[in-house]
Amino acid sequence: MSLDATNELGAQPRRNVSELQQSGKIKPVPFRGGGFVHSRHRFIAPILFVVLVILWEIGSQTGFISNIALPAPSEAAGAMSDLFETGMIWNHLSASLYRLVVGWSLGSLIGVFVGLAIALFSLVRAGVSPFISALFPIPKIALLPLFIIWFGIGEGSKVATILFGVFFPTVIATYGGVDNVDRNLIRMGQSFGLSWISIVRKIIIPGALPAILSGFRISASIAIILLVAAEMIGAEFGIGAYILMAGALFATDQLIAGVAMLSVLGLTVGWLISRAEHMLLSWRA
Amino acid sequence: MELILDHVNHSYGDVEVLNDISLSVGSGEIVCIVGPSGCGKSTLLRILGGLEKPDAGAALIAGDPPADSLNPLTYVFQDFALLPWRTVEGNISLVLEDHSVRKDKARAIITDVLARTKLSEFANAWPRQLSGGMKQRVAIARALSVNPAVMLMDEPLSALDSQTRELLMDDLIELWGQVGFSACYITHNLAEAVRLGHRIVMLSRRPGKIREIVDIDIPLNERINHPAETAAIQRRLWEAMRDEARAADRELSDVA
Chain A
1 MSLDATNELG
11 AQPRRNVSEL
21 QQSGKIKPVP
31 FRGGGFVHSR
41 HRFIAPILFV
51 VLVILWEIGS
61 QTGFISNIAL
71 PAPSEAAGAM
81 SDLFETGMIW
91 NHLSASLYRL
101 VVGWSLGSLI
111 GVFVGLAIAL
121 FSLVRAGVSP
131 FISALFPIPK
141 IALLPLFIIW
151 FGIGEGSKVA
161 TILFGVFFPT
171 VIATYGGVDN
181 VDRNLIRMGQ
191 SFGLSWISIV
201 RKIIIPGALP
211 AILSGFRISA
221 SIAIILLVAA
231 EMIGAEFGIG
241 AYILMAGALF
251 ATDQLIAGVA
261 MLSVLGLTVG
271 WLISRAEHML
281 LSWRA
Chain B
286 MELILDHVNH
296 SYGDVEVLND
306 ISLSVGSGEI
316 VCIVGPSGCG
326 KSTLLRILGG
336 LEKPDAGAAL
346 IAGDPPADSL
356 NPLTYVFQDF
366 ALLPWRTVEG
376 NISLVLEDHS
386 VRKDKARAII
396 TDVLARTKLS
406 EFANAWPRQL
416 SGGMKQRVAI
426 ARALSVNPAV
436 MLMDEPLSAL
446 DSQTRELLMD
456 DLIELWGQVG
466 FSACYITHNL
476 AEAVRLGHRI
486 VMLSRRPGKI
496 REIVDIDIPL
506 NERINHPAET
516 AAIQRRLWEA
526 MRDEARAADR
536 ELSDVA
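As given, the protein sequences belong to chains A and B, one line each in that order. So in this note's numbering, the last spot in the first sequence is 285, and the numbers never skip. So in this note's numbering, the last spot in the second sequence is 541, and the numbers never skip.
Think of the hints as simulated: they come from the structure by calculation, not from any bench. Glycine included, each C-beta is placed from N, C-alpha and C at the ideal position. It cannot be assumed that every hint is accurate.
Interface residues of chain B toward chain A, partial, derived using beta-carbon atoms under 10 Å [unchecked claim]: (1) Leu336; (2) Tyr360; (3) Phe362; (4) Ala408; (5) Pro412; (6) Leu415; (7) Gly417; (8) Gly418.
Stretches of chain B that chain A covers, calculated by requiring three or more beta carbons in the stretch to come under 8 Å of a beta carbon on chain A [as the list claims (entries may be wrong)]: (9) 307-320; (10) 470-478.
Over 10 Å on every C-beta distance to chain A, these chain B residues come out as not near it, computed from the model [said to hold, decoys possible]: (11) Gly334; (12) Asp364; (13) Ala366; (14) Val464; (15) Glu514; (16) Ala516; (17) Ala525; (18) Ala530.
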């Protein structure tokens, strides 16, 4: 009977592993997986930073690094504390932050609106997007003299430089993001009788938000670069003006202090955008 | 209310996809449309729900939809089409907000449809946390929330594994027992068609023409007890379709 036959097969004794191990005829399958996975190392970066600064300080103290080529970190820290003592840091920082915040916010706001218009209306796309492509690669700092004529030597020209620098990447990020929204979700909205404005507000904008936010990350860095460049050309206060003055006097300790301020500014902006992503895109996990 | 397709023809460019299709979906009736891949099933459904205009012929509505129906022709999509940035509850309230159903009334509807689709404890879950089967249940709950006169279901179970498919088919039959919805149900799976369809319309390969219409008299909830009859119908349909399916499989295609 077939049933008995299967029973017999099942009852066959399995090969005894320990027996085989003794005879040496058995070995484990070699492990070939693993690696190529990122694990989090929270403290590596700060430790590495501190170690580098200490090595740099030692190099400067022993004369291995010439003081003319690179000032010691302690000297740069001294220049920084001078800034705090004289209170000049607030003049420089407030001037720079004002330009950065106004220029970036306006540029982003207008950029998102124009990006949405390009994405949603094919007439606007046909008319405007070639101009965007043509104007995006122009270094905005090259237009600063024009901006000075148009918007004055004061804050206007600096804010305008940042605004234009931020505007173009934001437009491109926004309409790229809208183009990538799942068409099926839009069709779903239509099939349930949602109004046009509801589809834009509840489906298209949230769907494009990840792309818009990563565009913000890029535009914020561009804004900082343009801020310094604009301040170097004509400004009394500002981090860029401070760095330019330090460079002109070959006060390299002040120069390093100014660069450190920019670095902290960049890190802060990056952190703020991460917070915004965390809050607005919590659904992504 | 009855949904009718009247001599519909449709082409994409030079490629004719539908040829002289006439059919109707009556009240409380599930009409399954089967056919080989690329026979224009999905196009047919888009025309039925007004998402696409046919080249010739028309989709018609006979009689008025029930007064409390917010969206008489409502789709259930193969890929669920849930908004990933809204919770289960939020996805259902999305389609109510635009019909000015708010607050307590919306809450009552959401609670009701979640209970019907056995999702009550998942109201605050994100779509990414749900399995495919649960996502499709959410999509079905969303469709029920607008009280549709006809549900237009585009391969609703095709993205699911076979076990989940079985479970959802049982749920759909139970739901039909409770609500008695009407549906036009597109599938390439004959087993689904035989389990869920009061009537099965078989299309030929492109250009899609109606090849055969089969009415099945066995009540939906008793079909599981008549395996021989349903298997015979399924077999007969497959015999009729096999050559078409084989030919369709070997066809070069430029349209989705």
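A quick look at each hint next to the structure:
For B/Leu336, the shortest C-beta to C-beta distance to chain A is roughly 6 Å, which falls under 10 Å, so the interface hint holds. Interface restraint check: B/Tyr360 against chain A, minimum CB-CB distance 4 Å, threshold 10 Å, status holds. Hint status for B/Phe362: holds, given a least beta-carbon distance of 6 Å to chain A, under 10 Å. The interface hint given for B/Ala408 is broken, as the beta carbon of that residue sits about 15 Å from the closest beta carbon of chain A, more than 10 Å.
Given hint, B/Pro412 at the interface with chain A, holds; its Cβ is 8 Å from that chain's nearest Cβ, closer than 10 Å. Using the Cβ-Cβ criterion of 10 Å, the hint placing B/Leu415 at the interface with chain A is not satisfied: the shortest such distance is roughly 13 Å. The interface hint given for B/Gly417 is broken, as the beta carbon of that residue sits about 15 Å from the closest beta carbon of chain A, more than 10 Å. This hint is violated: B/Gly418 has a C-beta 19 Å from the nearest C-beta of chain A, more than the 10 Å allowed.
Coverage of the region 307-320 of chain B by chain A is violated [criterion: at least 3 residues with CB-CB distance below 8 Å; count 0]. Counting residues of the region 470-478 of chain B whose beta-carbon sits less than 8 Å from any beta-carbon of chain A gives 0, not enough to reach three: the coverage restraint is violated. With a closest Cβ-Cβ approach of about 6 Å to chain A, B/Gly334 is found to fall inside the 10 Å limit, against its non-interface label. Not every CB of chain A lies more than 10 Å from the CB of B/Asp364, the least distance being 6 Å, so the non-interface label is violated.
Not every CB of chain A is more than 10 Å from the CB of B/Ala366 (nearest about 4 Å), against its label as outside the interface. Separation of B/Val464 from chain A is adequate, the least Cβ-Cβ distance of about 18 Å exceeding the 10 Å criterion. With 10 Å as the threshold on Cβ separation, the claim that B/Glu514 sits away from chain A holds: the shortest Cβ distance comes to roughly 31 Å. A cut-off of 10 Å between C-beta atoms confirms that B/Ala516 is not in contact with chain A; the least separation is 26 Å.
For B/Ala525, the non-interface assignment is confirmed: its Cβ lies about 32 Å from the closest Cβ of chain A, beyond the 10 Å cut-off. Every CB of chain A is more than 10 Å from the CB of B/Ala530 (nearest about 26 Å), matching its label as outside the interface.
Violated hints, in rising order: 4, 6, 7, 8, 9, 10, 11, 12 and 13; the structure is consistent with all others.
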